[in-house]
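Trainee: Residue-level listing of the chains:
Number of protein chains: 2
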Amino acid sequence: MTEEHLQELRAAPRTVISVDAMGGDRGPAAVVAGIALSAAKNPDIRFILHGQRDELEKLVARRKPLRGRVEIRHADGVVTMDAKPSHVMRHGQDTSMWSAIDSVRHGEATVAVSCGNTGALMLLSIMRLRKLPGVNRPAIACLWPSRNPGGFNVMLDVGADVRADERDLLQYALMGTSYARNGLGLDRPRVGLLNVGTEENKGRAELKAAHDLIEAAAEQANYSFVGFVEGGDIPSSKVDVIVTDGFTGNVALKTGEGTAKLLGDFMREAFTATPLSKVAALLAYTSLRRLKKRMDPRRANGGVFLGLNGTVVKSHGSSDATGVSAAVKLAFELAQSGFTERLAARVAASNATGPDALRELAGGRKG
Amino acid sequence: MTEEHLQELRAAPRTVISVDAMGGDRGPAAVVAGIALSAAKNPDIRFILHGQRDELEKLVARRKPLRGRVEIRHADGVVTMDAKPSHVMRHGQDTSMWSAIDSVRHGEATVAVSCGNTGALMLLSIMRLRKLPGVNRPAIACLWPSRNPGGFNVMLDVGADVRADERDLLQYALMGTSYARNGLGLDRPRVGLLNVGTEENKGRAELKAAHDLIEAAAEQANYSFVGFVEGGDIPSSKVDVIVTDGFTGNVALKTGEGTAKLLGDFMREAFTATPLSKVAALLAYTSLRRLKKRMDPRRANGGVFLGLNGTVVKSHGSSDATGVSAAVKLAFELAQSGFTERLAARVAASNATGPDALRELAGGRKG
Numbered sequence: 551m552t553e554e555h556l557q558e559l560r561a562a563p564r565t566v567i568s569v570d571a572m573g574g575d576r577g578p579a580a581v582v583a584g585i586a587l588s589a590a591k592n593p594d595i596r597f598i599l600h601g602q603r604d605e606l607e608k609l610v611a612r613r614k615p616l617r618g619r620v621e622i623r624h625a626d627g628v629v630t631m632d633a634k635p636s637h638v639m640r641h642g643q644d645t646s647m648w649s650a651i652d653s654v655r656h657g658e659a660t661v662a663v664s665c666g667n668t669g670a671l672m673l674l675s676i677m678r679l680r681k682l683p684g685v686n687r688p689a690i691a692c693l694w695p696s697r698n699p700g701g702f703n704v705m706l707d708v709g710a711d712v713r714a715d716e717r718d719l720l721q722y723a724l725m726g727t728s729y730a731r732n733g734l735g736l737d738r739p740r741v742g743l744l745n746v747g748t749e750e751n752k753g754r755a756e757l758k759a760a761h762d763l764i765e766a767a768a769e770q771a772n773y774s775f776v777g778f779v780e781g782g783d784i785p786s787s788k789v790d791v792i793v794t795d796g797f798t799g800n801v802a803l804k805t806g807e808g809t810a811k812l813l814g815d816f817m818r819e820a821f822t823a824t825p826l827s828k829v830a831a832l833l834a835y836t837s838l839r840r841l842k843k844r845m846d847p848r849r850a851n852g853g854v855f856l857g858l859n860g861t862v863v864k865s866h867g868s869s870d871a872t873g874v875s876a877a878v879k880l881a882f883e884l885a886q887s888g889f890t891e892r893l894a895a896r897v898a899a900s901n902a903t904g905p906d907a908l909r910e911l912a913g914g915r916k917g
Numbered sequence: 551m552t553e554e555h556l557q558e559l560r561a562a563p564r565t566v567i568s569v570d571a572m573g574g575d576r577g578p579a580a581v582v583a584g585i586a587l588s589a590a591k592n593p594d595i596r597f598i599l600h601g602q603r604d605e606l607e608k609l610v611a612r613r614k615p616l617r618g619r620v621e622i623r624h625a626d627g628v629v630t631m632d633a634k635p636s637h638v639m640r641h642g643q644d645t646s647m648w649s650a651i652d653s654v655r656h657g658e659a660t661v662a663v664s665c666g667n668t669g670a671l672m673l674l675s676i677m678r679l680r681k682l683p684g685v686n687r688p689a690i691a692c693l694w695p696s697r698n699p700g701g702f703n704v705m706l707d708v709g710a711d712v713r714a715d716e717r718d719l720l721q722y723a724l725m726g727t728s729y730a731r732n733g734l735g736l737d738r739p740r741v742g743l744l745n746v747g748t749e750e751n752k753g754r755a756e757l758k759a760a761h762d763l764i765e766a767a768a769e770q771a772n773y774s775f776v777g778f779v780e781g782g783d784i785p786s787s788k789v790d791v792i793v794t795d796g797f798t799g800n801v802a803l804k805t806g807e808g809t810a811k812l813l814g815d816f817m818r819e820a821f822t823a824t825p826l827s828k829v830a831a832l833l834a835y836t837s838l839r840r841l842k843k844r845m846d847p848r849r850a851n852g853g854v855f856l857g858l859n860g861t862v863v864k865s866h867g868s869s870d871a872t873g874v875s876a877a878v879k880l881a882f883e884l885a886q887s888g889f890t891e892r893l894a895a896r897v898a899a900s901n902a903t904g905p906d907a908l909r910e911l912a913g914g915r916k917g
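Protein chains in written order, with my numbering: chain A, 551 to 917; chain B, 551 to 917.
So here's chain A without its partners, still in its complex pose (with noise of 0.2 Å):
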């Protein structure tokens, strides 16, 4: 490396993400073939990676866009994807997903990257980070393919939490628009909430109570509110965050997965059926290339959990090099837009008003 490089190097502005390399189900190899996509479409990016030195070492010289780019943290335990989260919580200081939460709250790296297990990821990103003054429960947003301009919507919660209450979805609410804003630049999101029925008097009872309390906060807090959606509107272009309970949100976000895959492998079966379909997926080259860029759940990998000190992404477990490029992306981009700190500022000044006061300004709408 010539002096002049080692300049620029220094020069520039980086971005420093701190990635567990050793939680996912494809092992370190995987994580690192990822970073090393993005660091080679990225100068901008920095890596502290965490897990076994020895091995992380051999992976990492023989990337050459990682040179001089990563910083090894040795740790010794891995979180399995069958650990209890609880005993990961007591048990578990000398894990590399422990270590790679531990440089967020350090303040050395901005968000940490982790493909491991779900919720040994948020118990410990709760302890160590902690929720933001006001949180009673996290959440984790995903990316849901769409047809809006930008392809995608915003959906949370998706499983940090089986329950919430109508307080629970309002701050999801506040925290989706934010993630809205810095994630897919939407000035004024419109927000939704998921019912059975788009009609206000169907669906539960908190669920009512829900949708007047973040009707009564879309003013102050710059979003639209669109009431009521569907299951089916979820990919819609008739709203941009879609705010509901993590049990129900998994499920949806699973059944979604799991009907799209059904249907790749029955477009794949289409194109393999007969020598004339062949000769034709030859032909559709070019555009069943990006028909399945476009239907490939590895674009939109990266659940963000939202509303603690600091940002964290889980990676799909099963993440290939391209998956943990994305969630590194993606964790790069919540970076750069600084947005752990605007989300915390949104959050406070929804306190400043107070849930109980928004509690009572949608009351009194109605009495």
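In this list, chains with the same sequence are indistinguishable; a pair is considered to hold if it fits within one copy or across any two.
Quick list of in silico lysine-lysine cross-link-like pairs, DSS-like style, CA-CA up to 25 Å:
id : residue 1 : residue 2
1  : Lys843    : Lys811
2  : Lys788    : Lys758
3  : Lys591    : Lys843
4  : Lys758    : Lys634
5  : Lys843    : Lys828
6  : Lys843    : Lys788
Everything labelled a hint here was simulated from the structure, so no lab data went into it.
With the hints as your guide, set chain B onto chain A.
Mentor: Frame of chain A, contents of chain B only:
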């Protein structure tokens, strides 16, 4: 019609389906076109058609396959899509929907079919047909395109009630397996309970209780219990019947339909994007047609109301002739298999053992 032909008709085993002609988005013309499609394919089917007599007589007269096979029952009123179910219950005596259900109540028809307002249809069905002894919450079951040899899985409840406790979920398992036996021809259906993780310690409390109840009843009720399944498993080949509450089930159903529609649109765009891809679409015509059929939501049309003294099939509100015909086909198959009686016998047998006995059994296993 020759005398011989008439004798033939009289001798044939008849199955009578009661059809609400008026409630759908496309009006009676689509319904009459649909039953004509069914009549053309199936010589053993007869209809009682409910709605405006003048209009229906004209529509029926135009369809040759319906000659001599339709009895029209005049009903002045129509239940609109935005009617309040409670209002229909109090004031809907003159509607075609009420009349269609009453034909089943009076034993003139075996199964009723309607494209109308789901909430009103459910409430009227409960009121006029009554719940089976021992059933607390009736459920709506749907067929879900799957990787299983039969091409479909059963899911319930997809929207009869937004809540279900563990005893309701056990009833759904019993009713769903009965449906899978009669509708899909499976001897020993495999039942899964929808949750956000497959580990036994995940999810909501009532789901853990339901897990134990459904497991304990498996032997007696002749099904296999595969435990918790996730959203991604709904179209899989590891399960035949997916049990969930009506809120979650409805969101999942509509999410799946919305995803399929989005991907279908993406595919259409891909095959009209370039001249080459248009040629490809022509070459792959047969395969694409088969694929389109496989993805066609109209094929799986028909939510079946379970848990009543009589069977009601809810066809999609926007059903065209193909959709109505699919719902009628399903109604016919259920009528032929003596489904109503079999389901009642199954629920009665489980009541003889008693849900309380089952609960004790489940509790005893744990303790």
